[in-house]
Amino acid sequence: MEIKKTSLNKLHQSNKAKFVEFAGYEMPIQYSKGIIEEHKFTRSHSGIFDVSHMGQLFIYGDETLTEELEKIFPLDLKNLNQNCSKYSFLMNEDAGIYDDLIITKIEEGYLIILNAACKDKDFEILSNLLGSKFRMNLDNDRSLIAIQGPKSVEILNSIINGVDQLNFMTGNWFDSDNQKLFVTRSGYTGEDGFEISISNENAEKFVENLIKKGAQLIGLGARDTLRLEAGLCLYGHELDINKTPVEANLKWAISKSRLSNGGFIGSKKIMNQIQDGASQIRVGVKPEGRLIAREKTKIFDDTDTQIGEITSGTFGPSVNGPIAMGYVNKEFSKVDTKILLEVRGKKHPANVCALPFYKKNYVKGVN
Amino acid sequence: MSEVKFSKEHEWITLEDDVATIGITKHATEMLGDIVFAELPEKGSNVEKDGTAGVVESTKAASDVYTPVSGEIVDTNQAIVDDPSKINEDPEGSAWFFKLKMKDQSEMDSLMNKEEYDKFAKESAS
Chain V
1 MEIKKTSLNK
11 LHQSNKAKFV
21 EFAGYEMPIQ
31 YSKGIIEEHK
41 FTRSHSGIFD
51 VSHMGQLFIY
61 GDETLTEELE
71 KIFPLDLKNL
81 NQNCSKYSFL
91 MNEDAGIYDD
101 LIITKIEEGY
111 LIILNAACKD
121 KDFEILSNLL
131 GSKFRMNLDN
141 DRSLIAIQGP
151 KSVEILNSII
161 NGVDQLNFMT
171 GNWFDSDNQK
181 LFVTRSGYTG
191 EDGFEISISN
201 ENAEKFVENL
211 IKKGAQLIGL
221 GARDTLRLEA
231 GLCLYGHELD
241 INKTPVEANL
251 KWAISKSRLS
261 NGGFIGSKKI
271 MNQIQDGASQ
281 IRVGVKPEGR
291 LIAREKTKIF
301 DDTDTQIGEI
311 TSGTFGPSVN
321 GPIAMGYVNK
331 EFSKVDTKIL
341 LEVRGKKHPA
351 NVCALPFYKK
361 NYVKGVN
Chain A
368 MSEVKFSKEH
378 EWITLEDDVA
388 TIGITKHATE
398 MLGDIVFAEL
408 PEKGSNVEKD
418 GTAGVVESTK
428 AASDVYTPVS
438 GEIVDTNQAI
448 VDDPSKINED
458 PEGSAWFFKL
468 KMKDQSEMDS
478 LMNKEEYDKF
488 AKESAS
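Residue numbers (this note's numbering), protein chains in the order written: chain V, 1 to 367; chain A, 368 to 493.
Warning: the hint list may mix true and false statements.
Stated by the list, open to error - Below, simulated DSSO-like cross-link-like pairs (lysine-lysine); rule was C-alpha separation at most 27 Å, straight line:
no. : chain 1 : residue 1 : chain 2 : residue 2
1   : A       : Lys-486   : V       : Lys-18
2   : A       : Lys-466   : V       : Lys-346
3   : V       : Lys-18    : A       : Lys-393
4   : V       : Lys-16    : A       : Lys-489
5   : V       : Lys-286   : A       : Lys-453
6   : V       : Lys-121   : V       : Lys-251
7   : V       : Lys-40    : A       : Lys-393
8   : A       : Lys-489   : V       : Lys-10
9   : A       : Lys-393   : V       : Lys-33
10  : V       : Lys-16    : A       : Lys-486
11  : A       : Lys-453   : V       : Lys-16
12  : A       : Lys-489   : V       : Lys-18
13  : A       : Lys-416   : V       : Lys-346
14  : V       : Lys-16    : A       : Lys-393
What the hints assert, rightly or not - If you want the ones that stay clear, here's a sample from chain V, every Cβ over 10 Å from chain A, calculated:
no. : residue
15  : Lys-4
16  : Lys-251
17  : Asp-302
Think of the hints as simulated: they come from the structure by calculation, not from any bench. Ideal Cβ placement from N, Cα and C applies to all residues, glycine included.
With the hints as constraints, model all of the structure from the sequences given.
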């Protein structure tokens with residue numbers, strides 16, 4: 001299969017990107033400054049991320065659509081205000097996660113942002129569940145640009161006036177340069193920021209404008225170190241079809257009102273796990289010293305019994321040390337529990353720690 | 368000191384009497400990206416030509432460091448363990464990895480000179 005390219009591919013090239021294949025797309029892993037510089041620039045200024053490989057699924061419909069979606073997602077969508085976003089999951093009957101996603105109620109229905117590697121399968125699953133009652137469009141004509149970091153609000157507001165009035169996890173349509181953009185105040189770096197849905201033909205010029213105002217392009221490498229410092233899950237690593245939201249320590253994302261009555265796919269398993277506790281749970285892991293524990297590193301207790309596995313691990317540039325996340329048996333999930341990580345045949349000490357590694361700077365409310 | 372020689376695994380080596388100083392090339396650091404972890408062989412241990420003699424990790428991945436010649440490790444550079452970013456800053460100078468006492472200096476003969484290595488690195492990168 002031919003590798004897919006986003007509408008910003010030429011711009012990445014002219015900014016000396018190193019490319020990798022990610023979910024069938026040619027994506028920039030880093031630019032000339034490297035992952036650590038890009039990471040720090042995002043934390044201190046403003047980073048631009050091409051996330052156009054992610055799925056933008058528009059589902060059009062009225063109140064009956066809300067009812068149908070509540071049978072799928074563990075969310076109180078009836079009481080979700082228009083233009084508000086929620087983090088959620090598409091699950092199977094065993095509460096195994098097909099994908100994690102952001103769903104926003106818009107005037108015409110819902111906009112769901114899906115992971116690149118999952119989007120086609122998600123579309124198929126949702127089409128089967130919803131039948132042909134609602135118009136669904138996995139929109140390939142739009143790019144998705146994230147701008148993240150403390151200077152992002154000033155930079156983006158100078159191009160799209162009014163985005164500074166958005167609260168965290170809300171969005172709206174904006175007009176800019178005679179085009180309709182959907183902007184949400186959200187992101188996946190632990191910083192204040194925005195995601196902008198824009199037509200493919202306007203994306204390059206828009207990003208060039210952001211660069212002119214002082215933002216810089218940031219690759220997927222820094223996106224990974226940023227999200228890991230922020231304690232955020234990445235599908236295919238922390239989350240997959242064999243993990244449930246309870247095990248992933250994401251039950252905060254399940255609307256309380258839905259937990260008492262269930263009625264969504266996977267609700268039985270989730271209610272059982274909340275009552276009885278899950279046998280394994282996602283935790284933060286801080287290796288001692290500088291040791292980096294990568295994905296699939298085995299976790300042991302002091303009796304040489306394996307008690308879990310690392311799902312993501314790297315060096316955190318803002319933490320200035322190694323960081324990781326993984327799953328451990330629940331009796332080892334308390335903060336400050338001493339564990340051992342097997343790296344290159346040797347066991348190294350580490351501690352279970354609280355997430356995030358890096359304190360968030362989200363803007364809670366401007367209004 | 369001898370002329371700098373290079374291996375296909377992107378190590379450089381210089382020889383003074385029978386003690387070789389070994390590190391990784393600038394080209395290697397450019398391919399690896401930001402280096403955030405270094406593990407070196409133990410002093411007194413013996414390493415074999417083309418065998419592993421350490422690890423470097425970038426933000427992206429771990430890579431083995433090989434030794435281009437055999438010998439006994441007589442010194443290691445703790446400064447790059449304490450601050451691995453030094454490897455990106457000065458890979459072919461102050462950020463050497465280890466020194467070893469060579470057993471068989473003829474092992475140097477099969478290594479590349481600078482001109483040959485630069486050509487090799489350029490070809491292997493493209």
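Results of checking the hints against the structure:
1. A:Lys-486 <-> V:Lys-18: holds (21 Å)
2. A:Lys-466 <-> V:Lys-346: Between Lys-466 (chain A) and Lys-346 (chain V) the Cα gap is close to 24 Å, so the pair holds against 27 Å.
3. V:Lys-18 <-> A:Lys-393: Answer holds: Lys-18 (chain V) to Lys-393 (chain A) is near 17 Å, not above 27 Å.
4. V:Lys-16 <-> A:Lys-489: holds (17 Å)
5. V:Lys-286 <-> A:Lys-453: holds (23 Å)
6. V:Lys-121 <-> V:Lys-251: holds (24 Å)
7. V:Lys-40 <-> A:Lys-393: It holds: about 23 Å lies between the C-alpha atoms, which stays within 27 Å.
8. A:Lys-489 <-> V:Lys-10: Roughly 24 Å between the alpha carbons, so the hint for Lys-489 (chain A) and Lys-10 (chain V) holds.
9. A:Lys-393 <-> V:Lys-33: holds (15 Å)
10. V:Lys-16 <-> A:Lys-486: The hint holds at about 22 Å.
11. A:Lys-453 <-> V:Lys-16: holds (24 Å)
12. A:Lys-489 <-> V:Lys-18: holds (16 Å)
13. A:Lys-416 <-> V:Lys-346: holds (23 Å)
14. V:Lys-16 <-> A:Lys-393: Within the cut-off at roughly 19 Å; holds.
15. Lys-4: Its Cβ never comes within 10 Å of chain A, the nearest being 22 Å, so this holds.
16. Lys-251: Given that every Cβ of chain A is farther than 10 Å from that of Lys-251 (chain V), nearest at about 31 Å, it holds.
17. Asp-302: Asp-302 (chain V) clear of chain A: closest Cβ-Cβ about 23 Å, beyond 10 Å.
Going through the hint list in order, the structure satisfies each hint without exception.
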